[in-house]
Each structure stands twice: as C-alpha cells, then as structure tokens.
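**Q** Those protein sequence lines, which keep their order, are chains A and B. Per the working numbering, the first sequence starts with residue 1, numbered consecutively. Per the working numbering, the second sequence starts with residue 1, numbered consecutively.
Derived by calculation from the structure, the hints in this document are not laboratory data. Remember, it's a predicted structure, so these values are computed and weren't measured experimentally. Backbone N, C-alpha and C fix where the C-beta goes; we use that ideal spot for every residue, glycine too. Keep in mind that the hints are not guaranteed to be accurate.
What the hints assert, rightly or not - Beta-carbon label-pair distances, calculated as ranges:
1. A/R51 / B/T18: 38 to 48 Å
2. B/D81 / A/A80: 48 to 58 Å
3. B/P97 / A/L67: 38 to 48 Å
4. B/E15 / A/E53: 40 to 50 Å
5. B/T18 / A/Q17: 43 to 53 Å
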Amino acid sequence: ETGVTQSPTHLIKTRGQQVTLRCSSQSGHNTVSWYQQALGQGPQFIFQYYREEENGRGNFPPRFSGLQFPNYSSELNVNALELDDSALYLCASSFPSTYNEQFFGPGTRLTVL
Amino acid sequence: AQTVTQSQPEMSVQEAETVTLSCTYDTSESDYYLFWYKQPPSRQMILVIRQEAYKQQNATENRFSVNFQKAAKSFSLKISDSQLGDAAMYFCAYRSPNTGNQFYFGTGTSLTVIP
C-alpha cells in the first residue's frame, strides 16, 4: 500500500509569485485535506476535497485554491504569495470508513522571500 | 469553532520513565473524535492513538494510553517506558462529525527523551 506523497519537498518563491503543490493520496482514499503549518504551530485547515469537489474550507483567502483529480491526487495553488505564506504545507488523505483517521504526507516546505 | 489547547510547549522525560502530555478542548458537540499525532523531525505526522467520544473506556496502544475526561473536556496522553524514538512534537487533534474530516489541532508539545 502506497502512502501519501507530496512534491516538491522544498520550494523557494518570491513575494507576488504563484505556486502549485502536489499530493498523491493513499491508495483507495477519496478525500484529501490540506493544512498549513507555520513554524512552531499546529496545522491549520485550508480546505478539503471529496470526489473532486471542495467539501469544506478553513479561514483562508480565495488566493488559496485547489483541485482534486479523478485518481484522487490533488493540487494546492497559492496566488500572489505573501511572506506569511512561508510554512510547511501538509496533505492528508482519508476514507470515511477508516475510523476517520487522516494519513499525512511528509509536507512541502515553502519559503517566500 | 472548536479549539484545542496544549498548555505544555515543552516536556522532557528520562528514558524508561513515564510522561503525560495534556490537552483540553472546547466544544458544544456530544459526539466527536480525538487523536494524538506525533511529528518527528522528518515532519511526517504519525497517528499515535485515537478515542471516540461515545466510548467511556480509555484507548490504549502498547506503551501509549489516554485519560479521556469528557465532562472536563480533557484528553491527556501517557507514554510509559519512554524510548529515545519517542522524541518528537506531539499534537492533540479534534475531529467533528459535523465538519467532514476537518481536524482542529493544538499548538503541540515538544517532547525530549533524556538518555
């Protein structure tokens, strides 16, 4: 069974640029959630996708957007990057019947200069 | 919105000893799920233990156990016979069945294991 994978591992961008982060969910999981984890903080929920539709969103502006593909992989897009967007971005996949547990990927470390 | 509070930013324990990490949460819901996740320096969050709120019995997974006090909205994690590999950030998380799979995380406790 393949776990959750994310790419790239690290990324450096400048303010105002756009970035796309990618996530491959664990085999059989149809739900993907994205989290932002600032340094020294717990993960903050950005949004969730279920069967290619957004299914819940946290307190993040519209410049944070996402996609989920038929194979349940997902992208997180962030436009007009700001310095405060520097963080670890975690992807987590799940399937409703598995005790509601989320399986996390290793994250993408985004640095905005 | 639900909030999760971890009041211990840092904890340390001697190898082979026992340590308890604290977590409290605020909710008006009666049915929910609680989790403890471990995040080692490799960054990947790993599930340590979970508890369903409707179950009165405290969950146990080998050396890890919880003390779930529903009325007090408290969910502490006890690690027995601590090992060097237990050193990590530990996050308490709350999941509401009413908000899909959204997890609410605390700010974490950094656990150091002293040889």
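**Q** None of the hints should be skipped; say for each whether it holds.
**A** The hints, checked one at a time:
1. Judged by the Cβ atoms, the range 38 to 48 Å given for A/R51 and B/T18 holds: they are separated by roughly 44 Å.
2. As the Cβ distance of B/D81 to A/A80 is approximately 50 Å, the hint placing it in 48 to 58 Å holds.
3. In this structure the hint that B/P97 and A/L67 lie 38 to 48 Å apart at CB is violated, the actual value being about 26 Å.
4. Our hint of 40 to 50 Å for B/E15 and A/E53 holds, since their Cβ atoms are close to 48 Å apart.
5. Range check, B/T18 to A/Q17: about 49 Å between beta-carbon atoms, so the 43 to 53 Å window is met.
Against the hints set out earlier in the document, a violation occurs for number 3 only.
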